[in-house]
Amino acid sequence: DIQMTQSPPSLSASLGDKVTITCQASQNINKYIAWYQQKPGKAPRLFIRYTSTLESGTPSRFSGSGSGRDYSFSISNVESEDIASYYCLQYVNLPYTFGAGTKLELK
Amino acid sequence: QVQLKESGPGLVQPSQTLSLTCTVSGFSLTSYDVHWVRQPPGKGLEWMGGIWGDGSTAYNSALKSRLSISRDTSKSQVFLKMNSLQTEDTAIYFCTRSGYGGYSDYWGQGVMVTVSS
Chain S
1 DIQMTQSPPS LSASLGDKVT ITCQASQNIN KYIAWYQQKP GKAPRLFIRY
51 TSTLESGTPS RFSGSGSGRD YSFSISNVES EDIASYYCLQ YVNLPYTFGA
101 GTKLELK
Chain G
1 QVQLKESGPG LVQPSQTLSL TCTVSGFSLT SYDVHWVRQP PGKGLEWMGG
51 IWGDGSTAYN SALKSRLSIS RDTSKSQVFL KMNSLQTEDT AIYFCTRSGY
101 GGYSDYWGQG VMVTVSS
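Chains as they are written, first to last, in the working numbering: chain S, 1 to 107; chain G, 1 to 117.
Excised from the complex, chain G in its bound form (with noise of 0.2 Å):
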């Protein structure tokens, strides 16, 4: 069945570069996009990017100069880059399928940063 799931640190530090990896299993990389969203404590969900099944990437106009998404169709992995992280950064980062079309019909259960010295 289909699953995505994050894994990286919990903690980085301030102006440092968050990593992030979605490893999913059950679809190709080459024939679904994967998003990544992400939500503060206690706030509402943010889209950041995705990269959709031909390699093209989009972003969220707002951390499009920080944010980098990749791939390693052979590992099955999606990956999350993003620098010179603040406070405001800290939040559960979600990676997601997407359907035909553009919605997140799938979503792993979310990784928590926290960004703090």
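Extracted from the complex, chain S is given alone in its bound form (with noise of 0.2 Å):
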């Protein structure tokens, strides 16, 4: 099974800075990364697709990036609607997996 260790565990930010959250796989997972964001009470909300691809309602402020076993999800210009848990999936190989989350709270 591929393993994916998600960094940091959490996070604190002021509004209007840039953060940034790690998912390193096992072994290479050709891009096949989502990131999900979820607040207390409710299911995860799907932001990012194979790496970068914005869903739709996903604000321009969120990006992702990486390759290989390096991935990285960014929140540029941090607002008070972004403080939540962010969770990265690899889905190239079954049995699908996530990472152990990030907690992004305000400073």
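Don't read these hints as lab results, they were simulated from the structure.
Errors might be hidden in some of the hints.
[Claimed, not checked] Keeping only pairs whose Cα atoms sit at most 27 Å apart, straight-line, the calculated BS3-like set for lysine-lysine is:
#1 Lys42/S to Lys103/S
#2 Lys43/G to Lys64/G
#3 Lys43/G to Lys103/S
#4 Lys107/S to Lys43/G
#5 Lys42/S to Lys5/G
#6 Lys107/S to Lys31/S
#7 Lys75/G to Lys39/S
#8 Lys81/G to Lys42/S
#9 Lys43/G to Lys31/S
#10 Lys81/G to Lys18/S
#11 Lys75/G to Lys43/G
#12 Lys31/S to Lys18/S
#13 Lys43/G to Lys39/S
#14 Lys5/G to Lys75/G
[To be verified] One side only, chain G facing chain S, incomplete, derived with CB under 10 Å:
#15 Gly8
#16 Val37
#17 Gln39
#18 Lys43
#19 Trp47
#20 Gly49
#21 Ala58
#22 Asn60
#23 Ser61
#24 Thr96
#25 Gln109
These numbers were taken from a predicted model, which means no experiment stands behind them.
Cβ atoms here follow ideal geometry from the backbone N, Cα and C, with glycine treated the same way.
Dock chain to chain to rebuild the complex, using the hints, since each chain is given by itself in its own frame.
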């Protein structure tokens, strides 16, 4: 199974900051990574698929990049509505696997 | 529009079997895959398994021996059955639709399952 090492586990940011979350796969995942946002008490929401393709409705301040084993997810100009947990998912090989998550908090 | 809704018992006794139903609308089970994802309280997401449009299934390696996913296309329902439940199986269970490629693009609201005597 592919392991997804996501960091940091938590992140503290001020409004307007740029933040970056990373996921490292245990093997090459050929850009088949998705990123989800989850707010308390809600189901996760797909934000980015295939490394950098924004889903409809995802604000342009969100972006993704990477290749091979290393991927990142960034938010430029953090807004209050971005306070949530974020998860990466590899979907190149079964079984699919999530990263452990990153909780974004306001400083 | 695309909708998924999980249903099932909120409480299951240890060592018993969990049975959940995911009822979908707005898409065909023969054209899209449905996955199950769970989340223990305060913890992260775990991909459990899925059933593909062609009816084939795949499971999380750690759950494979206890888990079964099936469907009834005429009723637009997907079923999860997991046996030998323990307290660590206490979680919110989500069913999701998988888009073209494997990522989940639509999620149900989730159903909380507590394993306790």
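Going through the hints against the structure:
The suggested pairing of Lys42/S with Lys103/S holds, with an alpha-carbon distance near 14 Å, which does not exceed 27 Å. Restraint check for Lys43/G and Lys64/G: satisfied, since their Cα atoms lie roughly 21 Å apart, inside the 27 Å limit. Taken as a hint, the Lys43/G and Lys103/S pair is honoured in the structure, with Cα atoms around 11 Å apart against an allowance of 27 Å. A C-alpha spacing of about 22 Å is found between Lys107/S and Lys43/G, which places the hinted pair at or below 27 Å, so the restraint holds.
With a C-alpha separation of about 13 Å, the suggested pairing of Lys42/S with Lys5/G holds against the 27 Å cut-off. Proposed proximity of Lys107/S and Lys31/S is contradicted: the alpha carbons are some 32 Å apart, above 27 Å. Among the hinted pairs, Lys75/G with Lys39/S is inconsistent with the structure: their alpha-carbon atoms are about 31 Å apart, more than 27 Å. Under the criterion of a C-alpha separation no larger than 27 Å, the hint pairing Lys81/G with Lys42/S is consistent with the structure, at around 24 Å.
Taking the CA atoms of Lys43/G and Lys31/S, the gap is about 26 Å. The hint holds against a cut of 27 Å. Taken as a hint, the Lys81/G and Lys18/S pair is broken in the structure, with Cα atoms around 43 Å apart against an allowance of 27 Å. As the CA atoms of Lys75/G and Lys43/G are separated by approximately 33 Å, the hinted pair breaks the 27 Å bound. In summary, the hint linking Lys31/S to Lys18/S is supported, as the alpha carbons are separated by about 23 Å, within the 27 Å threshold.
For the given pair, Lys43/G sits about 13 Å from Lys39/S by alpha-carbon distance, which is consistent with the 27 Å threshold. Between Lys5/G and Lys75/G the alpha-carbon distance is near 13 Å, which keeps this suggested pair within the 27 Å criterion. Interface hint status for Gly8/G: violated, as the beta-carbon distance to the closest one in chain S is roughly 16 Å, over 10 Å. Interface hint status for Val37/G: upheld, as the beta-carbon distance to the closest one in chain S is roughly 8 Å, under 10 Å.
Of the supplied interface hints, the one on Gln39/G holds, with its beta-carbon coming within about 8 Å of a beta-carbon of chain S, less than 10 Å. Evaluation of the Lys43/G hint against chain S yields a held restraint, the C-beta minimum of about 8 Å falling below 10 Å. Checking Trp47/G against chain S: minimum C-beta separation of about 4 Å stays under 10 Å; hint holds. Hint on Gly49/G holds. Least Cβ distance to chain S is approximately 7 Å, under the 10 Å limit.
For Ala58/G, the shortest C-beta to C-beta distance to chain S is roughly 5 Å, which falls under 10 Å, so the interface hint holds. The beta carbon of Asn60/G comes within 5 Å of a beta carbon in chain S, closer than 10 Å, and the hint placing it at the interface holds. Using the Cβ-Cβ criterion of 10 Å, the hint placing Ser61/G at the interface with chain S is satisfied: the shortest such distance is roughly 5 Å. Interface restraint check for Thr96/G: the shortest CB-CB distance to chain S comes to about 8 Å, inside 10 Å, so the restraint holds.
Interface hint status for Gln109/G: upheld, as the beta-carbon distance to the closest one in chain S is roughly 6 Å, under 10 Å.
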